[in-house]
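Undergrad: Take a look at the letters that make up each chain.
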Amino acid sequence: GENVEQHPSTLSVQEGDSAVIKCTYSDSASNYFPWYKQELGKGPQLIIDIRSNVGEKKDQRIAVTLNKTAKHFSLHITETQPEDSAVYFCAASKGNFNKFYFGSGTKLNVKP
Amino acid sequence: GAVVSQHPSRVICKSGTSVKIECRSLDFQATTMFWYRQFPKQSLMLMATSNEGSKATYEQGVEKDKFLINHASLTLSTLTVTSAHPEDSSFYICSAITGGSTDTQYFGPGTRLTVL
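If you're matching them up, the sequences are chains A and B in order.
Count the first sequence with the working numbering and you get residues 1 to 112, in order.
Count the second sequence with the working numbering and you get residues 1001 to 1116, in order.
Isolated chain A (complex conformation) (with noise of 0.2 angstroms):
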């Protein structure tokens, strides 16, 4: 099955700086890539996917980056700011209602 692996566990930047958590994955079939943000005590928000017949997708301060042949994809925070602190889950997918396969979560710390 798949196995999807997230790297760092925690994060902690200065408020402006950039933030970057990776993920691989290990089953090539897997052609779509959310990202998730979840506040403490709540569910899950989607804040950007990718499916894998693009390589990067951006919006406004949050971009997404496929290595389809690594089997590695990134979320890029630019100009973080403290209510960016949250924890970051990354996702796998085959698609067609397929299940998901998550990371383990990297908590991110934005300080003022």
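Think of the hints as simulated: they come from the structure by calculation, not from any bench.
Heads up, the beta-carbon is just placed ideally off N, CA and C, and yes, glycines get one too.
Fair warning: there could be bad hints in the mix.
Now the stretches of chain A that chain B is said to cover, found in silico as 3 or more residues with beta-carbon under 8 angstroms [claimed, not checked]:
no., region
1, 16 to 30
2, 61 to 72
3, 75 to 82
When the alpha-carbon atoms are kept at most 16 angstroms apart in a straight line, the in silico EDC-like pairs for lysine to aspartate or glutamate are as follows [claimed, not checked]:
no., chain 1, residue 1, chain 2, residue 2
4, A, Lys71, A, Asp17
5, A, Lys99, B, Glu1059
6, B, Lys1041, A, Asp27
7, B, Lys1041, B, Glu1052
8, A, Lys68, A, Glu2
9, A, Lys111, A, Asp17
Since the structure of chain A is provided, determine the placement of chain B on it from the hints.
TA: Showing chain B alone in chain A's frame:
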């Protein structure tokens, strides 16, 4: 759009009782919903996949007689924890797929279950 609600948000029950958690897709029809369990500071663990009008598919190690799932309509799935015990205390989260050409999962806000 793509809003998923859960009810209740928190529940405390006595050991041995059953608890029902509802998951609703508010502005779309969801043929497929997922139920997850999350322990503190850990990732989401998929419990089962719920398809409207058919039996749920449970992940290995999840007791289907203990965690009853019903997906009676395109907007509602329920998870019933039967004969709850303290070890069932956890954060339960559902998600729903909007369908069509996309399989994006949208998550509910979660339900905190505490079994005394």
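Undergrad: Please go over all the hints and tell whether each is borne out by the structure.
TA: Status of each hint after checking the structure:
Only residues whose beta carbon comes within less than 8 angstroms of a beta carbon in chain B count, and the region 16 to 30 of chain A has 0; fewer than three means the coverage is violated. Counting residues of the region 61 to 72 of chain A whose C-beta lies closer than 8 angstroms to any C-beta of chain B gives 0; at least three are required, and the coverage claim is violated. Counting residues of the region 75 to 82 of chain A whose beta carbon lies closer than 8 angstroms to any beta carbon of chain B gives 0, which falls short of the minimum of three for the stated coverage. A hinted pair counts as satisfied when its Cα atoms are at most 16 angstroms apart, and Lys71(A) with Asp17(A) does not qualify at roughly 26 angstroms.
Only pairs whose Cα atoms come within 16 angstroms are accepted, and Lys99(A) paired with Glu1059(B) is accepted, the gap being roughly 10 angstroms. For the given pair, Lys1041(B) sits about 26 angstroms from Asp27(A) by alpha-carbon distance, which is inconsistent with the 16 angstroms threshold. A hinted pair counts as satisfied when its Cα atoms are at most 16 angstroms apart, and Lys1041(B) with Glu1052(B) does not qualify at roughly 31 angstroms. As the CA atoms of Lys68(A) and Glu2(A) are separated by approximately 14 angstroms, the hinted pair is consistent with the 16 angstroms bound.
As the CA atoms of Lys111(A) and Asp17(A) are separated by approximately 10 angstroms, the hinted pair is consistent with the 16 angstroms bound.
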